[in-house]
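S.K.: Here are the chains, one letter per residue:
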Amino acid sequence: MQASASDIARVLGGELIGDPERRIDRIAALAHAGADAITFATGARYLGALRASQAACIIVPPALREAAAARGTAIVCADPYLAYARLTRWWVAQARGEFLPGVHPSAVVEPGAHVDPGARIDALAHVGAGASIAAGAHVGAQCEVGAGAAVGVGTELRPRVVLAAGCRIGRRGLVHSGAVIGADGFGFALDAGAVRWEKIEQIGAVVIGDDVEIGANTCIDRGAIDDTVIEDGVKLDNLIQIGHNCRIGAHTAIAGCTGIAGSTHIGARCTIAGAAMIIGHLEIADDVHITVGTAVTRSIRRAGRYSGVFPFDDNAAWEKNAATLRQLYSLRERLRALEKKIDS
Amino acid sequence: MQASASDIARVLGGELIGDPERRIDRIAALAHAGADAITFATGARYLGALRASQAACIIVPPALREAAAARGTAIVCADPYLAYARLTRWWVAQARGEFLPGVHPSAVVEPGAHVDPGARIDALAHVGAGASIAAGAHVGAQCEVGAGAAVGVGTELRPRVVLAAGCRIGRRGLVHSGAVIGADGFGFALDAGAVRWEKIEQIGAVVIGDDVEIGANTCIDRGAIDDTVIEDGVKLDNLIQIGHNCRIGAHTAIAGCTGIAGSTHIGARCTIAGAAMIIGHLEIADDVHITVGTAVTRSIRRAGRYSGVFPFDDNAAWEKNAATLRQLYSLRERLRALEKKIDS
Amino acid sequence: MQASASDIARVLGGELIGDPERRIDRIAALAHAGADAITFATGARYLGALRASQAACIIVPPALREAAAARGTAIVCADPYLAYARLTRWWVAQARGEFLPGVHPSAVVEPGAHVDPGARIDALAHVGAGASIAAGAHVGAQCEVGAGAAVGVGTELRPRVVLAAGCRIGRRGLVHSGAVIGADGFGFALDAGAVRWEKIEQIGAVVIGDDVEIGANTCIDRGAIDDTVIEDGVKLDNLIQIGHNCRIGAHTAIAGCTGIAGSTHIGARCTIAGAAMIIGHLEIADDVHITVGTAVTRSIRRAGRYSGVFPFDDNAAWEKNAATLRQLYSLRERLRALEKKIDS
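The listed protein sequences derive, respectively, from chains A, B and C.
For the record, in the first sequence the residue sitting at position 24 is 24 according to my numbering, with numbers rising by one throughout.
For the record, in the second sequence the residue sitting at position 179 is 523 according to my numbering, with numbers rising by one throughout.
For the record, in the third sequence the residue sitting at position 294 is 982 according to my numbering, with numbers rising by one throughout.
These aren't lab readings, by the way, just hints derived from the structure by calculation.
For each residue, glycine too, the CB sits at the ideal point set by N, CA and C.
Hints are supplied without guarantee of correctness; some may be wrong.
[Said to hold, decoys possible] Computed Cβ-Cβ distance ranges for the label pairs, DEER-style:
{"no.": "1", "chain 1": "A", "residue 1": "Q2", "chain 2": "C", "residue 2": "P799", "range": "20 to 30 Å"}
{"no.": "2", "chain 1": "C", "residue 1": "P799", "chain 2": "B", "residue 2": "A375", "range": "49 to 59 Å"}
{"no.": "3", "chain 1": "C", "residue 1": "R784", "chain 2": "A", "residue 2": "Q2", "range": "41 to 51 Å"}
{"no.": "4", "chain 1": "A", "residue 1": "D286", "chain 2": "B", "residue 2": "R367", "range": "40 to 50 Å"}
{"no.": "5", "chain 1": "C", "residue 1": "R990", "chain 2": "A", "residue 2": "G304", "range": "30 to 40 Å"}
{"no.": "6", "chain 1": "C", "residue 1": "A758", "chain 2": "B", "residue 2": "K684", "range": "54 to 64 Å"}
{"no.": "7", "chain 1": "C", "residue 1": "D707", "chain 2": "A", "residue 2": "A323", "range": "45 to 55 Å"}
{"no.": "8", "chain 1": "C", "residue 1": "R990", "chain 2": "A", "residue 2": "A323", "range": "22 to 32 Å"}
{"no.": "9", "chain 1": "A", "residue 1": "R51", "chain 2": "C", "residue 2": "R990", "range": "30 to 40 Å"}
{"no.": "10", "chain 1": "C", "residue 1": "P750", "chain 2": "A", "residue 2": "A323", "range": "30 to 40 Å"}
{"no.": "11", "chain 1": "C", "residue 1": "S694", "chain 2": "A", "residue 2": "D314", "range": "48 to 58 Å"}
{"no.": "12", "chain 1": "C", "residue 1": "S694", "chain 2": "A", "residue 2": "K320", "range": "46 to 56 Å"}
{"no.": "13", "chain 1": "C", "residue 1": "D713", "chain 2": "B", "residue 2": "D631", "range": "37 to 47 Å"}
{"no.": "14", "chain 1": "A", "residue 1": "G43", "chain 2": "B", "residue 2": "A393", "range": "46 to 56 Å"}
Bound conformation, chain A alone (with noise of 0.2 Å):
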């Protein structure tokens, strides 16, 4: 793959300045693109590195233009991070070749699957009965697609996802190896004559809407009695677990190691960062940010951002102050008797 620096002005929408012919070879971090590359710097912060990389181009902001004229080849756009992610994409797209539609030989679809003629099923995938493959929609090597689920226009599904019997993922997807997308809700009812648990079976199944991402090895399972539903834009990282009957808002981000209890509702636009727990039957605002290993034990009504995480330090100081804090409320109490006694 190659393009010449006018392509991908082109492509970005941005001014090019410098040579339109410039080759470029590949996409490069600022700190170690060589002549053949084209990298991106974001701010002020990068104005040295700018001013001493070989680069073939470099993404720049407006307040770089005049920086980066003076070194070279360059391409100014409005935000730099976000056309080089645009870049990536269309790098490879070019780089990835036409889509080939077709059913490999090895793959196992039931009677009863309907799969577009324009969706590709890659080998040793299993497509249940009654299961549908839309147009454009690409089935990794050794999936599984469970009878009567259905895969949206232009999703992918990596090699070894599961995507279980009824659930449904919209239109231009991408859900990564590992993840297994309805499996049971955990539910159960404590039968306390005989002391055990009673399964309750989950009938309810996952929508997922539009432009979603899964990790890998994430869990979503399936709603008890009604569905659990992923909206249009939500990007799960991976090793997440994600309970029956949750709803997860438009353009919500979660990073990997989360776990969401079930019945938890959280709101649109919101980050949760990684190894956060959000307990079950809660509801949480749009636009809420949590930050790393929260636990979130309430409903949130505000936006906003929200931590919880113990301060970690050397072993030795943090003994001492968790032994302490395991006497912080006696400490409150001797606190306020000194008050009152020298108040008195």
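Fit chains B and C to the known structure of chain A by using the hints.
M.R.: What follows is chains B and C alone, placed relative to chain A:
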């Protein structure tokens, strides 16, 4: 699938009030149950919703008998939530139809495996040499059953489960997609001379009792020397890690994202909330309840509820409190000094 | 499998005491070792158990030589735990028998892949175009090796591993079931105008050194531009998330359920306990030890032990302390006010 109110009353063993022929097409939540649905109300807090409901039939406790009778068709059961659980199981079993045994032609069964004629092996599954699949067992599509592993009567492995060599699961179990039973425990000896880790081969297996459910992408490691043991009736949610040589007591339920390190023994009838973590070589008594996100770092000898999670707050408040927390020990010392000063 | 005490002494290079012909049928833990088993004792705290043991042979350190000799057959080694590790490896290798190369007829090897005649590909595995499988490599049943990926000499992929396109693992590695190596990193640019996330294609790969072990359902993401790097001798437990562009230093060991966000570099010989979380773009020095459940939120420049987890307690005590914790800053202010008052 459809049934009459009297069919369902018979299954649940409850008292039928109203129209025995009332036709029911689906199960729904109380808030959404239409005229074709059966639903349930567990107590007086749902009285308003019960009175307003258009549901075909409502399962109620004796205390709501009058209110339900005034509304329409109902079934009175001692524990409506448990009755609802049983209803879902009966409903799904009816809808599922007859169990069809047989081995899909795309499955690979190695020579020396024993597959009961009453078992079912789905597409692209692999059954290793010497493995044993009992009558009524259902090995889902793309599953891997290792050499010498055993699946008990009536146990279902959903698509893409790994039951590794020599591991055994009992009767009436259910394992969700992506679960890995029998990977090696994390065991290494430090070769201090060479500053490297020497692997300890994990020669134990995983032994799982009857009526156990295991969630999606959950991992249970094989024992180092002896076996890792999961007792009867245990329920494990998704993305749980259970280390080598653990023993999980009967009817204990563990929620998602929890990790239990090696050689820890957990008693019977415990509940462990999501994202808890329990370090290795501990003993946890019967009837212990651990709340969300708690790190258990020493043995628990007495039944009860245990917690330890940082209370979350808006970020500004958290920052101030977390910063102070790092000086907590010195605050205690200052308090002590003040107390001395005042008392002297 | 069976061996004599002298066979094993020869393998371990230790001093044999007692009966060189003593027959050994299995390896067992000291507490359960019967007359057919070899076991080990690492120090004086096991003296009672050693004296009482019926084991065929016991591996002991020089300090326990006398006690062991008084009991029966023994092998004296400088480090019995390391000797036990080596014994398990030799034992399992003997029991496993000869490595049988070849491609199972149900596996799918795409045109252009290179499979060494000395490699083994098991049932229903899929090897993509341009992939390379070296001599002595073992690709387990149902594995997915992507286009252009490479598996080094003697490396084993257990059943159902994903090694995505272009990713490489070195020699003598071991990857457990469900691991996903090379899913896309979690990279998006916020298109603030449209209030949506624009995907950044992840054009780096994952490069893994020699002697690396990777646990079940662990995820290692491919780099955004440059590669994610796992150095020689690293040991990763189950259900770990390693973000794009991370570098994990040689011989570092990481326990289960830990998450490491993107672009963080971890030094050599570190140990990271379970359920830790490390945010992105940090530098962690060599020889750093992180304890269980610790959230690392800033770089660590010095070797040492670091902690930060809320001490758990019975629920009532925790509730009082956690409530007080939310007023901690104001307690400090009140203490300061008291100090002033008294000093004035």
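S.K.: Each hint needs a verdict: does it hold in this structure or not?
M.R.: Okay, the hints, checked on the actual structure:
1. A/Q2 with C/P799: 20 to 30 Å: The hinted range 20 to 30 Å holds for A/Q2 and C/P799, with Cβ atoms some 26 Å apart.
2. C/P799 with B/A375: 49 to 59 Å: holds (56 Å)
3. C/R784 with A/Q2: 41 to 51 Å: 49 Å Cβ-Cβ, so the 41 to 51 Å window holds.
4. A/D286 with B/R367: 40 to 50 Å: holds (42 Å)
5. C/R990 with A/G304: 30 to 40 Å: holds (35 Å)
6. C/A758 with B/K684: 54 to 64 Å: Holds, since C/A758 and B/K684 (Cβ atoms, about 58 Å apart) stay within the stated range.
7. C/D707 with A/A323: 45 to 55 Å: Once the Cβ atoms are compared, 53 Å apart, the range 45 to 55 Å for A/A323 and C/D707 holds.
8. C/R990 with A/A323: 22 to 32 Å: Holds, since C/R990 and A/A323 (Cβ atoms, about 23 Å apart) stay within the stated range.
9. A/R51 with C/R990: 30 to 40 Å: holds (34 Å)
10. C/P750 with A/A323: 30 to 40 Å: holds (39 Å)
11. C/S694 with A/D314: 48 to 58 Å: About 49 Å separates the Cβ atoms of C/S694 and A/D314, which means 48 to 58 Å holds.
12. C/S694 with A/K320: 46 to 56 Å: The hinted range 46 to 56 Å holds for C/S694 and A/K320, with Cβ atoms some 54 Å apart.
13. C/D713 with B/D631: 37 to 47 Å: 40 Å Cβ-Cβ, so the 37 to 47 Å window holds.
14. A/G43 with B/A393: 46 to 56 Å: holds (55 Å)
Hint check: no violations occur; every hint is consistent with the structure.
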